[in-house]
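Assemble the complex: chain H is given as a structure, and chain V must be docked to it using the hints.
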Amino acid sequence: MPEIRVTPLGAGQDVGRSCILVSIAGKNVMLDCGMHMGFSDDRRFPDFSYITRSGRLTDFLDCVIISHFHLDHCGALPYFSEMVGYDGPIYMTQPTQAICPILLEDYRKIAVDKKGEANFFTSQMIKDCMKKVVAVHLHQTVQVDDELEIKAYYAGHVLGAAMFQIKVGSESVVYTGDYNMTPDRHLGAAWIDKCRPNLLITESTYATTIRDSKRCRERDFLKKVHETVERGGKVLIPVFALGRAQELCILLETFWERMDLKAPIYFSTGLTEKANHYYKLFIPWTNQKIRKTFVQRNMFEFKHIKAFDRAFADSPGPMVIMPGYCVQGTVGHKILSGQRKLEMEGRQVLEVKMQVEYMSFSAHADAKGIMQLVGQAEPENVLLVHGEAKKMEFLKQKIEQEFRVSCYMPANGETVTLPTSPSIPVGISLGLLKREMAQGLLPDAKKPRLLHGTLIMKDSNFRLVSSEQALKELGLAEHQLRFTCRVHLHDTRKEQEMAMRVYSHLKSVLKDHCVQHLPDGSVTVESILVQAAAHSEDPGTKVLLVSWTYQDEELGSYLTSLLKKGLPQAS
Amino acid sequence: MDPECARLLPALCAVLADPRQPVADDTCLEKLLDWFKAVTEAGSSLLLLQEHPCLVELLFHALRAQDLSPRTLSFALRLAGVFAAQENCFQHLQQGELLPGLFGEPGPLGAAAWVAPSVRSGWIQGLRSLAQHPSALRFLANSGAVDTIFSLQGDPSLFVASAAGQLLVHILDLAMREPAEGRVCPQAWDWPVCARKIVCHLEDCLRSDAAPRVTQALHVLTTTFGHCHGLWTQGLWVQLSPLVACLLEKDPMPAPHTLVDLLLSVARPQALRIQAFNVLLQPLACVLEAAAQAPATPGLLEGAAGDPMAVDTLPPSKSACVGLLCSALAHLELLQPLPQRPSPWPQAPLLAATVTILRFCNGSAAPSSEAGGRLCTMLVGCVRVQRAALDFLGVLSQGLGPQELVTQVFAVLLEYLMSPDSSPMVLKKAFQATLRWLLSSAMPPGCCDLEPCAQLVLGELLAMLQKRLCSPCWEVRDSGLEFLTQVTRHWGGQASFRQVLLASELPELTRQLLQDPESYVRASAVAAVGQLSSWGLLAAPSSPEQPAIPQETPLEALLLILTTDSEGFPRRAVMRVFTEWLRDGHAEVAEDPERFVAEVLRAAGKDGDWEVRVQGLELALVFLERLLGPRGSSAVAPPSVTARAMRALCQVQLFEFAFRSLFDCDRPVAQKSCDLLLFLRATATPPGSPQEAGDRPNVASVEAALRRWRAGEQGQPLGELAPEAILAVLRSMDLEALRDTLAKSSDHVERSPQSLLQDMLATVGVLGDNEADCY
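Chains as they are written, first to last, in my numbering: chain H, 28 to 598; chain V, 35 to 809.
Only chain H is shown next, with the shape it has when bound in the complex (with noise of 0.2 Å):
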């Protein structure tokens, strides 16, 4: 029986890393390589040992997409492609090519410069890595190897970031990595076909919250941030998440234009400006009205905000928005948590004076977006990944009950089986199709019809041909299949008037059909023979013995019936 079998090694009940193993009709592809930003020791990195226990990982693998270029997607893929040495194809959109290693080179200059770890990835293993990818084009059908194909779709969330359709024959699986189901101010909405898949993985790290308008949130901020310029004060809005800092670099320079603002806007130099190139290159990818304006002016090009330059520092200003989530470890989670007293280098103690708020600016489907795209993409099943269990369990229990679909979540290292129908495709002789156009049928491509033929395998290929094609093309000799049946009639007369009362019988009835009696006593009709016997024990019973070809099945059966029923009385 064909299986789909999916095992998250990350990802699995938890927003740690995404890395989930899928099976598919014998094929084996990893969705995303993603990397725990709370650790510095090898569990950053998901555990690749139990891709395969026997052989090397690149032989089990087929390939590997990358969904975006988040770091808890990627951030593995250098360790995975040339320590672990895993060197088949690796699949991501051109955007996602494009900035995937700025973040890999700013990640290991964290992790090297400031943490001074050792045994780190090189640059020369980010550059020997992204030889290896693949770039794919939205709606574009990639042909992994001669059966498996992949597909990707839109998926907001970041720039460059795709839905995968990954297919096998008629099993396909649809892997959503982060995606947002409503349009921000630079990226438009994911958008899926109805591709029906044998599968949904959807992430579901919002799978109970209802999101409040996005208008009023950013009004919320745009208020803060205004309020504390006007007061003469300044904002730090520290954005870690790259796509992020270019959303609201567009909220704040269109609100300083409305508004008139002077207060200068600075954005750190580094990545956001690196990653800035990037998205002014990639317009076609970012939504409708930035598509639309790019014409008479480029959205990325701000006349408000500049780079901010170490002349500008002195001291904080008295409000830090956080747009995002803070893992342990870092002083952003021990501001977010309330900590008004914070250890520096040296046991120096800083009192946190400022103003700090949490906004979420982070552009994740929320549960109805969820239920929107399961709804857009109709498939057989769900399962449920990036996300908490407890929050996973709720919006399982909605998928099941409002789609009537099976939804899963599994933990990380469980595996999640499938069954699928298996789906043979047969080819059909021209002689056997003449044969049914013969018959005034033409063939309709929505109305199935049936056939009758011979279904033979050649070459691991199957084929409807006509019985006598068969027999040649496997050089077969023809045997003839007869039906026997023996029906008990209570009579005493001889054999031969016996035999001669059926045929009349018989040829009163099928009127339409070449009743014959033979020399030999017997009766046929068309392939069918009947004789007369008398019973070896009982002569007052005779026997009839009736004997038929396949061919003849019905008429044969039908005889048999008539015949049961007995003879009418001689007149």
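Please keep in mind that the hints were generated in silico from the structure rather than gathered at the bench. Hints are supplied without guarantee of correctness; some may be wrong.
Once the Cα atoms are required to be at most 35 Å apart in a straight line, the calculated DSBU-like pairs of lysine-lysine come out as [stated by the list, open to error]:
#1 H:Lys380 to H:Lys250
#2 V:Lys71 to H:Lys417
#3 V:Lys231 to V:Lys71
#4 H:Lys261 to H:Lys159
#5 V:Lys352 to H:Lys141
#6 H:Lys141 to V:Lys640
#7 H:Lys485 to V:Lys352
Same frame as chain H, now just chain V:
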């Protein structure tokens, strides 16, 4: 334990025991456990528990509470294991009935929480930690835990199942090591109860008809023989090998690759290892046969040669066949360099088979047999097999081969390198394999002369390379440049190589690629230019008809990149080349090394990329070594040498660069500078030598500048400096203390256990909107 941590611990235990207080970050408990491991490794666990009764209370709570989250329960199990690793602490916990409770039937084992894989995983990891001493062994044998471990081998969670297998190996090792100490291989009936139980279980599994059970047992055995090296493993093998041999006889063979792994991990039975090796050779033997080569070709499998059935043993479906071939090639690749590889190693037939596979894959083979044709259709264009075969071919360069075969190897490699159908990845592997074969063709080994056939190939290679450097694919241009750099490094001094290279357009093309739009390619071009220039292979040939156009020198070209390229990679590459040039005495550099170093340091000092600045310091160190002798030799330079060196260093403004770097915001730069100054101080100023009496040099301006830089200000340049002032400042600085400070990571405060406990306590109650957020 830190007093502050000790103070916070009771509150933390209370939070952990409270099911209404979910732990904010899924990494916190892991880090907490790391900390407890470190604490117990450094001291007595028993003492720790006695000093902090809240810990035992937490464990008791985990035992009794019904509503604890699986995550916390799992943590408690692992924590108990960490404490119980010390025998006296184990006994303490056992007296309190805590261990039987946590790890026996009354604990989570029989509770609803057991469905959570994290709880089962915590249970196993807890046992793994505590299984360190004889008391633990008795506990395991009596508590029925071993039976639970057996059943967990088939757990639906891969993590749990694998950990269960590893735990069995660990217990077996522990049990067998103890009594066998000092004795020769005890007999099976002498084995301890725990060990006998595990071995019985393994025997049952090996006899089983259920493939998963056989595989589980094989995994356990492979890990055992791979990791345990006590004498007892011999006894174990004697006991189990008949059952393993039975598996080899079965048709179809269960878990063939796991079996191969096992037999290769057991170094002793030669016969079985050969049998296992044959399993790997089988697919390649089929290929050789399908290619129907001349019967003179030595067969791969003795006895099987000429068996017409052999080819049919390859799976009929393409994907299965490809998978099998790749797997066999990969295993053989791993096996080749190992000392326990079967001997004799069939080098020649393996080479022939690999070349044949590559020929099938690129369609250049013309098999006459039907089987060969079938194989050819399956393999043609198959990138996976190409990759695996090229890797294996590269590894095979470690052995010799008949000349005729080596010629074939180069021929097939050239076919791949020239073919327009080769994917960038395949090309890269073909380049790597070619380089390995060229290196192994050196005559005598290590010398730069090549065998005649390799010599011939080199000419064709360079012609091919010209085309590859013009590829529209950046990956191909980059791999081409990397290859050019490598071959030039090895054969740049060889006359015929120089001749062919200089006659080609390669030097000019490489120069042009310094302007490539892709920064990775520019960086590789920089390395190639560096290498070509080192061997004097970049000079534009001037002829009477075509007077050489005055081109910028390689040094000028690279300096321009260092000062203007917007990307870090090419600039870093330039610094590496410059360092190498200075070390090896490159002609252009040797003209005026001081000017060169001054110019490069000026550029590197302003660079925004910390790695360029670190490279700048590396270059400064090389310069220093040229003046003062190599690092590591503790000899103090004679005063005359020091004086000359100091003047040169001041002239190139090395101190300005080094002192500024000392306060660089990027730690590796500061560290490197600290090392450099320490080296300088040790060599130029003998320890304990007080400053000579006489004129006190004026150090005020230097110290003032250092203060400004330390405060993060840019400030004025130092300007002209007197060597005496520098030495005086160096002597007065506490560079050792600075080095210690710099050795700490930037987040060492946030990563401290105290910070972790504070964070965990601080999140209590504030978890709300942001708990499920992420990037």
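For each hint, the structure was consulted:
For the proposed pair H:Lys380 and H:Lys250, the alpha carbon gap of about 20 Å is at most 35 Å, so the pair holds. For the hint pairing V:Lys71 with H:Lys417, the CA-to-CA distance comes to about 30 Å; that is within 35 Å, so the pair holds. Between V:Lys231 and V:Lys71, the direct Cα distance comes to roughly 30 Å. Compliance with the 35 Å bound is thereby established for this hinted pair. A distance of roughly 45 Å separates the Cα atoms of H:Lys261 and H:Lys159; the hinted pair therefore is violated under the 35 Å criterion.
Only pairs whose Cα atoms come within 35 Å are accepted, and V:Lys352 paired with H:Lys141 is rejected, the gap being roughly 50 Å. A threshold of 35 Å between alpha carbons decides the hint, and for H:Lys141 with V:Lys640 the separation of about 20 Å falls inside it, so the pair holds. About 15 Å separates the Cα atoms of H:Lys485 and V:Lys352, which keeps this hinted pair within 35 Å; it holds.
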